[in-house]
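Participant: Let's have the full structure, built from the sequences with the hints guiding it.
Take a look at the letters that make up each chain.
There are 2 protein chains.
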Amino acid sequence: MATLRSLASDLGLSITTVSRALDGYEDVAAATRERVNKAAAAAGYRPNSTARRLRKGSSETVALVMPTEPGRFYEPVFVDLLSVLGERLAARHFDLMLLAARPGAEELAVYKRMIKDRRADACIIVRTRRHDERIAMLQEAGLPFVCHGRTETRAEYAYVDGDGEAGFREVTNRIVSLGHRRIAHLAAPDHFTFAELRSRGWHMAMRAAGLTDDLKLMCASTEEAGEQAATALLAGPDKPTALICATDRIAIGAVRAAQAAGLVVGRDIAVTGHDNIHASRFTHPAITTMELDVRSVGACLADKLLHLVERGMPEHAGDVFPLRQVLRASSGEAN
Amino acid sequence: MATLRSLASDLGLSITTVSRALDGYEDVAAATRERVNKAAAAAGYRPNSTARRLRKGSSETVALVMPTEPGRFYEPVFVDLLSVLGERLAARHFDLMLLAARPGAEELAVYKRMIKDRRADACIIVRTRRHDERIAMLQEAGLPFVCHGRTETRAEYAYVDGDGEAGFREVTNRIVSLGHRRIAHLAAPDHFTFAELRSRGWHMAMRAAGLTDDLKLMCASTEEAGEQAATALLAGPDKPTALICATDRIAIGAVRAAQAAGLVVGRDIAVTGHDNIHASRFTHPAITTMELDVRSVGACLADKLLHLVERGMPEHAGDVFPLRQVLRASSGEAN
DNA sequence: GATCATATCCAAAACGTTTTGGGGAAACGC
DNA sequence: GCGTTTCCCCAAAACGTTTTGGATATGATC
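So the protein sequences, as listed, match chains A and B. Numbered by this note's numbering, the letters in the first sequence go through residues 56 to 390 in order. Numbered by this note's numbering, the letters in the second sequence go through residues 56 to 390 in order.
Source of the hints: derived by calculation from the structure; they are not laboratory data. Computed from a predicted structure; not experimentally measured. Misleading hints may appear alongside valid ones.
Which copy is meant is left open, because identical chains are indistinguishable; a pair holds if it fits in one copy or across any two.
Unchecked claim - Heads up, simulated DSS-like pairs for lysine-lysine below, C-alpha to C-alpha not over 25 angstroms straight-line:
hint : residue 1 : residue 2
1    : 271       : 294
2    : 167       : 93
3    : 171       : 111
4    : 171       : 93
5    : 167       : 271
Facilitator: Set out below in structure tokens:
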């Protein structure tokens with residue numbers, strides 16, 4: 056393994072000069088720099104990252120604590136996000152470190168350990184909650200972070216999010232314009248900010264249309280929970296003719312519940328979701344949904360993170376991305 | 056931040072003694088050890104991992120190169136795998152580093168870089184292929200690795216896999232015993248070992264039953280590709296009455312194709328998959344499939360990896376896990 | 001009392017890099 | 001010829017740990 060030392064002795068130069076030549080400093084003669092670069096390339100020299108990290112006092116690593124079941128991230132989104140993040144960070148020589156933690160007390164312990172160990176220069180918070188202890192913890196520790204999703208705090212923090220509120224206002228407005236009046240909302244657990252924002256979009260559109268916004272049920276973001284919740288709503292006195300679901304997984308369950316109740320989805324009842332997961336295209340009928348451009352979000356996340364580590368809080372600390380509406384048969388808006 | 060130096064000077068001891076006390080060496084007096092441990096705990100001392108890594112010459116890190124689209128890992132499996140791996144490795148103070156790479160030339164470049172940079176002590180290979188350049192590359196480089204899935208090589212290597220061959224033999228046998236005769240196979244791309252093994256299971260069961268095993272079509276592991284392939288098969292002269300699909304995503308597409316052809320899935324035609332992804336339970340009808348216990352596989356993977364790093368090739372280099380068959384309506388075996 | 005084993009501790013080297021604070025020689029200004 | 005600047009280079013320190021190879025003191029043995 057070639058080191059600075061071996062290169063230096065081969066070239067009859069000092070370690071300092073070799074190091075500075077490779078880093079492109081101006082105080083080494085152009086000819087020498089050239090010679091050093093040639094030799095380094097020939098020897099396949101790559102600086103020892105551990106040594107550099109020790110000396111520079113930074114870990115060149117970004118950590119992401121991923122929640123495991125239950126409360127897990129939506130799969131296609133999560134994996135795409137990891138891909139983009141990995142690529143973008145690698146381009147700047149940052150490693151992406153993955154930590155796993157079950158939601159709850161254990162999760163905070165993982166963050167604490169990460170902070171103490173200083174194994175990462177920054178971290179990414181996913182599944183941000185409305186009241187999120189992680190934010191204060193990281194701010195206090197002085198560890199830079201970017202949130203995927205928002206939280207309710209007065210403090211300034213960096214985040215990237217999809218505009219769930221606008222998205223749900225839009226879909227609700229469309230459903231209203233199709234003639235629906237009893238439009239229910241199947242919400243995700245309201246400690247998640249995304250759930251609250253999506254709910255708010257629905258609430259606002261309903262009120263703006265002069266409709267009652269009390270047909271709302273909260274459930275976990277799973278097909279089973281969605282099916283159960285939808286079944287309950289459809290058995291109630293105020294049977295809705297439309298179900299605006301917080302996520303596609305809930306919507307898939309809702310479609311099934313509606314069919315079990317003898318309804319033709321897309322004709323007797325409209326169902327919509329959010330995420331545009333693969334499965335939503337292949338249910339029968341296909342599910343109307345909306346989607347975020349994950350690659351943009353991931354790239355934005357990575358850029359903010361790098362900015363934060365290298366130059367402090369970016370000018371645009373928070374970015375909200377629009378959602379693309381995907382009209383399909385489950386709401387009677389396609390086929 | 057507490058360091059060995061600060062602890063040592065606070066305690067009036069040498070750095071050596073503090074270090075050795077914390078590591079539990081016998082050559083430090085029990086009373087001193089006690090005193091040191093107390094002080095370290097009080098100061099919240101945690102050793103600087105970068106310094107330790109530099110000194111010990113190991114990175115305490117395991118890398119996983121994840122393929123991005125196309126050819127991506129099945130989502131629920133992948134995320135679960137990451138969770139288990141992260142937990143198991145963290146328990147032994149190993150970090151899990153994630154690298155992203157598009158399949159193809161770029162992928163090998165990522166592996167090369169990882170090897171040269173020595174940022175990881177070992178790595179995990181996923182989506183193992185029948186002829187996999189990565190194996191030879193890593194063996195030559197002397198970087199320990201464990202495969203998720205098998206490859207075709209004479210060399211000894213560590214792997215963990217599901218028994219796709221037995222699983223597909225079993226499902227094919229069941230379908231035969233239901234009275235089907237023209238049983239087609241929708242295979243995944245045959246450069247993946249898993250695809251080859253699943254195919255083989257189907258082939259063997261068909262021949263054992265004295266049936267022709269030429270109704271086979273290969274397609275990507277997506278719903279779209281599955282739909283297209285199934286459509287082609289159903290339009291052919293030798294219309295199959297059963298479709299054994301390599302993956303659930305293919306099966307979901309196949310179900311849709313069958314329905315488009317006017318068939319009632321589960322009655323006129325049997326369809327089966329593999330993976331037991333969430334969506335497979337919520338199609339209409341639900342899809343018969345099989346599943347691997349991902350937590351066991353992940354734990355086994357992590358254990359093998361640690362064994363490899365700390366003690367060399369484990370006794371059982373390769374482990375194959377059985378698949379659990381999940382009978383549902385799409386094959387007429389439930390409801 | 002000398003010798004030896006044992007128990008306890010420590011100084012210094014090493015891991016490979018980056019950075020500080022010059023140092024020597026050539027070129028330049030007068 | 002002398003001082004000053006410019007150009008190129010380098011020795012040494014530093015990052016925080018682990019490990020090597022003793023050193024010192026104490027007690028036991030004869």
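Participant: Indicate, hint by hint, whether the structure satisfies it.
Facilitator: Tested hints:
When the C-alpha separation of residue 271 and residue 294 is checked against a cutoff of 25 angstroms, the pair qualifies only within one copy, where the shortest distance is 12 angstroms, while the shortest distance between copies is 48 angstroms. Taking the shortest alpha-carbon separations for residue 167 and residue 93, only the inter-copy value of 20 angstroms comes in at or below 25 angstroms, while the best intra-copy value is 45 angstroms. Taking the closest pair of Cα atoms, residue 171 and residue 111 come within 25 angstroms of each other both inside a single copy (18 angstroms) and across two copies (21 angstroms). For the identical chains of this complex, residue 171 and residue 93 are inter-copy neighbours only, at 18 angstroms across copies versus 41 angstroms inside a copy, given an alpha-carbon limit of 25 angstroms.
With identical chains, the CA atoms of residue 167 and residue 271 are never at most 25 angstroms apart, being 37 angstroms at best within one copy and 53 angstroms at best between copies.
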